[in-house]
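Colleague: Dock chain one against chain two, each of which comes alone in its own frame, and use the hints as you go.
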Amino acid sequence: MKDTLILAIESSCDETAASVVKNGRTILSNVISSQIALHTLYGGVVPEIASRKHIEKINQVIEQALSDAGVTLDDLDAIGVTYGPGLVGALLVGVAEAKAIAYAKKLPLVGVHHIEGHVSANYIEHPDLEPPFLCLIVSGGHTHLVIVKDYGEFEILGRTRDDAAGEAFDKVARAIGLGYPGGPKVDKLSKEGNPDAIEFPKAKIGDCPYDFSFSGVKSAVLNYINHAQMTGEEVNRADLAASFQKAVVDVLVEHTMLAAKDYGMNKIAIAGGVASNGTLRAAMEEACKKNNYSFYRPSPIFCTDNAAMIGVAAYYEYIKGTRHGWDLNAVPNLKLGER
Amino acid sequence: MIIETRTPQETFDVGKKIGENAKPGQIYTLTGDLGVGKTVFTQGVAAGLGITEPICSPTFTIIQEYESGRLPLYHFDVYRIGDIEEMEEIGYDDYFFGQGICLIEWANLIEEILPENLIKVTIEKDLEKGFDYRRITVTGLEEA
Numbered sequence: 000m001k002d003t004l005i006l007a008i009e010s011s012c013d014e015t016a017a018s019v020v021k022n023g024r025t026i027l028s029n030v031i032s033s034q035i036a037l038h039t040l041y042g043g044v045v046p047e048i049a050s051r052k053h054i055e056k057i058n059q060v061i062e063q064a065l066s067d068a069g070v071t072l073d074d075l076d077a078i079g080v081t082y083g084p085g086l087v088g089a090l091l092v093g094v095a096e097a098k099a100i101a102y103a104k105k106l107p108l109v110g111v112h113h114i115e116g117h118v119s120a121n122y123i124e125h126p127d128l129e130p131p132f133l134c135l136i137v138s139g140g141h142t143h144l145v146i147v148k149d150y151g152e153f154e155i156l157g158r159t160r161d162d163a164a165g166e167a168f169d170k171v172a173r174a175i176g177l178g179y180p181g182g183p184k185v186d187k188l189s190k191e192g193n194p195d196a197i198e199f200p201k202a203k204i205g206d207c208p209y210d211f212s213f214s215g216v217k218s219a220v221l222n223y224i225n226h227a228q229m230t231g232e233e234v235n236r237a238d239l240a241a242s243f244q245k246a247v248v249d250v251l252v253e254h255t256m257l258a259a260k261d262y263g264m265n266k267i268a269i270a271g272g273v274a275s276n277g278t279l280r281a282a283m284e285e286a287c288k289k290n291n292y293s294f295y296r297p298s299p300i301f302c303t304d305n306a307a308m309i310g311v312a313a314y315y316e317y318i319k320g321t322r323h324g325w326d327l328n329a330v331p332n333l334k335l336g337e338r
Numbered sequence: 000m001i002i003e004t005r006t007p008q009e010t011f012d013v014g015k016k017i018g019e020n021a022k023p024g025q026i027y028t029l030t031g032d033l034g035v036g037k038t039v040f041t042q043g044v045a046a047g048l049g050i051t052e053p054i055c056s057p058t059f060t061i062i063q064e065y066e067s068g069r070l071p072l073y074h075f076d077v078y079r080i081g082d083i084e085e086m087e088e089i090g091y092d093d094y095f096f097g098q099g100i101c102l103i104e105w106a107n108l109i110e111e112i113l114p115e116n117l118i119k120v121t122i123e124k125d126l127e128k129g130f131d132y133r134r135i136t137v138t139g140l141e142e143a
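Those sequence lines, one after another, are chains A and B.
The first sequence begins at 0 in numbering that gives the first Met the number 0 and counts up by one.
The second sequence begins at 0 in numbering that gives the first Met the number 0 and counts up by one.
Chain B extracted, bound-state conformation (with noise of 0.2 Å):
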């Protein structure tokens, strides 16, 4: 599935579908540039679920949990983790195989310990096509 945002609200808008169709124990791996708006796209996600608290970015964190929604929303950032073994230390598990929702950017990082089923966002800009366009690419969601 590939959709076209021209705005943030539209990015805001796909991820709030998502939400709210969003089943307990999937795993959403985000992917984008800095300032694409990932952020923007999560807070619709949270939405999408009723989440009612501010979405914070879990860059410094690693981990944002959610629990006043629907379902619980776990917002990974794992570009600091420098080792795989720190996931262990974090308990990456206990939200993974939960019946929450993770998001997680820069899941890249940690390949070797995602499990099979991941539904696969993928934000992009393209320039020519001017700088707020978005071209949002969403695999696996029809098998999940």
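Next comes chain A alone, as it looks inside the complex (with noise of 0.2 Å):
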């Protein structure tokens, strides 16, 4: 049979990403645009560029990602792109690239869901993972708990309903001065912690126990900082990164779970960037072991935003018929299942 190639490109935050993906799991190439040495994208100059200029860097990143998996334009059998959720003007550039890209070459065009990229991750290291399966995308921007019922079906059991996990880190993060981006920062910090030292509240949503809340950890790190202030006490930031740390991974492992159980599921998956969180990765483990769920995960590189994982999506899409028209338009609130 012959092979289904396909050209994805991601541009709906700060990352501008293109990748080839064979056949729905073999990744042929990925690039990340913050991820390549800027030279080899300026033959040399290294301009400061501001992140989100997905414009100047599309081309750059395309033309890598077609060299990389040794193929060209001529090769390929469809073009996918990531339509919503995210910034309209990020989303518009690669939808724009990509509907030239199929016009210009007679290709199908496949518009994903950037979430739906995120779950579909876990095909790319994992050959026998096929659905039905319990998803965690955790990220800056999101937090769904959700079961993948076929390629490209969703059912969503729980959501946040205020900050993202990824941002609940964040925010720790500048609270105690560690910068940007936060996730890594706090991960690391808390090695040297006891997550046992300060006890943080975990938010529980009385009508939706698959729901999540993050406002409220937040606050109360700080409230924990502001009265330590007050009363000239010093903040331990190890034992208070790593007990932070512990209420939000003991809060999404505890409803993935509950999930778990009360919908019969046994194959568990996380995915998104905070799904590269060591602790989180470790804790899923173990519960799963626990449970004799058998767990999945993207490594690292696939956590992130990527085009890879938009491309796996995309095959997927493909094969199912979807197809999208020259109208397709960037759509920044898109919801989850809709088209």
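Hints should not be assumed to be uniformly reliable.
Here are the computed distance ranges between Cβ atoms for each label pair [stated by the list, open to error]: (1) A:E233 / B:G129: 22 to 32 Å; (2) B:E66 / A:E232: 18 to 28 Å; (3) A:G176 / B:T121: 16 to 26 Å.
Because the hints were derived from the structure by calculation, they are not lab data.
Owing to the predicted nature of the structure, the values given are computational and were not obtained by experimental measurement.
Virtual Cβ for every residue (Gly too), placed ideally from N, Cα, C.
Modeller: In structure tokens, the structure reads:
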């Protein structure tokens, strides 16, 4: 059978990314603008580039992805692109680029939901993984607990009511002077601290046991810092980071295990930027082992925003027959499961 | 206008009242330290506009749009904007000069592109009056 090659483009937020994916599961190239040396893009000159300048990077990123994969535009079967959710100005660059290439090369165009991409990142390194399974998606902008019923078919069980999990990390990192991005920095500092030193609240949402709320724990951390300042106590930042991280990770794991039990799921996956958090990976793995569930997680490079995951999602949409027209537009608040 | 609140619910209610009376094209700036209740206030504004979706913080996404209410709500957090040009990249003028309500956190970072008729909301703590005490100051509402 002939191979199916998809060029995928992702530009929903900070990253400009392109990837070539073969038959939905084999990544031939995976280029992310922030992770390639800028001099390769600009031939020795390294200008100051603000993030989200997708339009200045996208052509080089795509050329790099094609050349890394050893293919040309003529070898492709379809173009996949993230069309939401995200920043409209950022999304539009990717969507316009994808449309232009698809139109010029007479290729089918497949729009992909960004979160569907994150979920699909799990297929890359786990050839045995197939729906149905339960997936926790945690990133700077998203916190969702979903059942992946089939490729591209989701039932949303829970979501955040306020801050995304990754954001809580960023804000606590800001408050204790760790800087941005907060997740990896809190994770690192936590290793030197005692996770049981301070007990922070774990928000339960009464009417929906799978929903999340991280605004409360963030405020509790800030109140703790304020209180310490007023009374002149010194804050042990490592203990605080470890205890905060435990409060967040515990809730993520508890809700996931509860949903797995209630819905009879025995395959558990995690996805999104926060899925590269070492403490979350370890805690989820342990809980899965205890309950005899299989546990799946992407390597950190596929947890962050990337185009390989979009290519995988686009492949499954493509073989299902999903095609978008030249009127495909960026949809900044695209809901999961919407078309 | 200065309003004092003592619970998150009261802060929510202040936001709700503002949402109920909001007019198309208004731009609100929202200032206050981390954990002071900016999200709760915004959830109130959204409720006042009749928005039914969950209101999530835009810190990572920079902007969150809500279309399910009486007027669209555009909730910004421009903290991660490093260069004013990035506001152009995200197409801010469509929001600022549109028919919805803009609510902008960390607006001081983008002062140079803000229009003149702003409604400024500041939420402050006063720990001497208790942990949950908040003073909410609203200016510019009369003229707008």
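Colleague: Indicate, hint by hint, whether the structure satisfies it.
Modeller: Right, here's what the structure says about each hint:
Checked against the given bound of 22 to 32 Å, the beta carbons of E233 (chain A) and G129 (chain B), roughly 24 Å apart, stay inside it. Taken as a hint, the range 18 to 28 Å is violated for the pair E66 (chain B) and E232 (chain A), whose Cβ atoms sit roughly 47 Å apart. Roughly 24 Å separates the CB atoms of G176 (chain A) and T121 (chain B), a value that falls within the hinted 16 to 26 Å.
Comparing the model with each earlier hint shows a violation of hint 2 alone; every other hint is respected.
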